[in-house]
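K.L.:
Residue numbers (this note's numbering), protein chains in the order written: chain A, 1 to 282; chain B, 1 to 295.
Worth flagging that the hints you see were computed from the coordinates, not collected in a lab.
From the three backbone atoms N, C-alpha and C, an ideal C-beta is built for every residue, glycine too.
The reader is advised that the hints may include incorrect statements.
Below, a sample of chain B positions facing chain A; criterion: calculated Cβ distance under 10 Å [claimed, not checked]:
(1) 7
(2) 24
(3) 26
(4) 99
(5) 102
(6) 125
(7) 175
Taking CB as the label site, the calculated pair distances span [said to hold, decoys possible]:
(8) A:115 x B:192: 35 to 45 Å
(9) A:49 x B:243: 31 to 41 Å
(10) A:16 x B:195: 24 to 34 Å
(11) B:147 x A:136: 47 to 57 Å
(12) B:195 x A:180: 47 to 57 Å
Once the Cα atoms are required to be at most 27 Å apart in a straight line, the calculated DSSO-like pairs of lysine-lysine come out as [unchecked claim]:
(13) A:3 x B:100
(14) A:103 x A:195
(15) A:134 x A:79
(16) A:103 x B:6
(17) A:2 x B:100
Take a look at the letters that make up each chain.
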Amino acid sequence: MKKSQYKALVDILTYVALGLGALTMLLPFLWMISVSLREPAQQYARDLIPNPFTLQNYVDLFEDLPNQAFPYLVFNSFKISLLAVIGQILTCAMAAFVFAIVKFRGRDFLFALLLATLMIPPQVSLIPNFIIFKYLHVIGTQWPLILPAFWGGAFGTFLLRQYFLTIPRDLVDAARMDGASLFDVFWRIYLPLSKPAVAALAIFAFKDSWNDLLHPLVYLPTDLHQTTLTVGLAFFQQQLQLGGKFTVLMAGAFLSIVPLLIIFFVAQRQFIEGIALSGVKR
Amino acid sequence: MEYGLKPLGRERLWLWSMLTPTILGLVFGTIGSLLATLVLSFFDWDLIGSPVWAGVSNYVALAQNHAYIEAFVNTLTFSALYVPGVVISSLLVAVLLNRKIHGVGIFRTVYFLPTVTSAVATALVWNMIYGRDTGILNFMLQSVGLGPLCWLCTDHAMTSVVIVNIWGAIGEGMIIFLAGLTAIPRDYYEAAALDGANDVQQFLRITLPLVTPSIFFQTIISAINAFQAYDYIYMLTRRSGGDSSVPVAVFSIYRNAFHFFRMGDASAQAIQLALLVGVFMAIMFWWERHYVVYE
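In isolation and in its complexed conformation, chain A is listed as follows:
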């Protein structure tokens, strides 16, 4: 076989393998959308293209959930996730700046300690945190989901620190000559210059909070007006187990992933670079 023929053959095999894999990745999403566009009587049909096609499930979603909870669920998820994003950006960026730029005794020890916490499973914090929040009388409110976002975190701090380290130090020295304080350097130089990394952290924080299931299950009341979209959908599915309109459930599932799909398509580069950056050993 000639070399060019061999290369063409390997190329074809590559496309076939990647294509089959891509189909496996996509099929559940296509199926979700397909079922959400069917008549309830057709929910188990085997055709991908809905026949007949209907948007009624998206209307029913607002009626079928107990207490007409869907808009509340969406609002709660947005509120908690946005606050979590603000908390993570502020607190992680401040710590990352200090660890990357400022010289003080104990810095390296503190940073190593923070990184070591990456290995502690979050489930270990679950019980002590529950007890703290119980004594603060905030179980059943959304505070236990929001407050922890404001106490920093190893992942976000590490991610931003890695980026801060790439910013040329001459900028800082020049600003210091002009009498800029530490906070000025942070607020006027580092934060504005680090938009890609900050965006990456924002996306991760939003995604983690939006998709969280365990913590809302633990902390929020079963009242569907106060809980999040993930808990609401899980509850709705359980309600349907004995037979019901899974078409409506799929409409809810699809709407629940739309915000993340939009963010992902708009900011794909930041997202992917953020992950790649976190994997770089320095």
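With chain A's structure known, arrange chain B on it following the hints.
P.N.:
Coordinates of chain B only, in the frame set by chain A:
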């Protein structure tokens, strides 16, 4: 500490205020919690009365608790299947994408989709796909003369859950490996090709050794995720009574703490999970010293 700005005078105050949230996180979120959980694991407490000293009895009870042993073994089995599954499949996808082909961006987006979207939402549709009589997967199997399988019954539930978890994690691994692969200089391959090395030899002698740092990193990330796996498993295997056909360690901790209010037992289980992570990390760092190649 080769470089660093010196805080001047009152700026020390700024410095420590900027670190305060992180220090609070260490005290309340991670290190403090680890210690508090350790202390709690030596008590019996239902959250209402006062905690009663229990010594090591919670740990002894775990060794005789069949439900917990089942959950712990399930976590180990799950991890043993999931970690190699994610590492190998995402490395494979990354290697294929790293060939000079068209449409890399589109493939990358598609493989990454499950990583972005919530496990709850996609588990809802996987539940339908896995359906015994109504699911599309059994329909496809039957059309080639196989099945039907009861995907989410006790016999197959572990496999089915592992498949979905791998499906959901390939994207992230792929990105890590692509970053590692693109860092390998092209001239290494050109030099090897001149010496007559074929594709397989190039992969085994150049790619694989030089991508070991990414394999190391991805194995650690996957294992930590595996020990904590919860969302897909909860969504796919929970039963009406509140238990699960594939109870894992996290599920058991959650049930003990927040359904039965046995804080001591739940804390002892959490400590065991943390120990498992610790032992695993120790093994990985030993492995790193011997097998990981850093340029």
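K.L.:
Tell me the numbers of any earlier hints that the structure contravenes, in ascending order.
P.N.:
none
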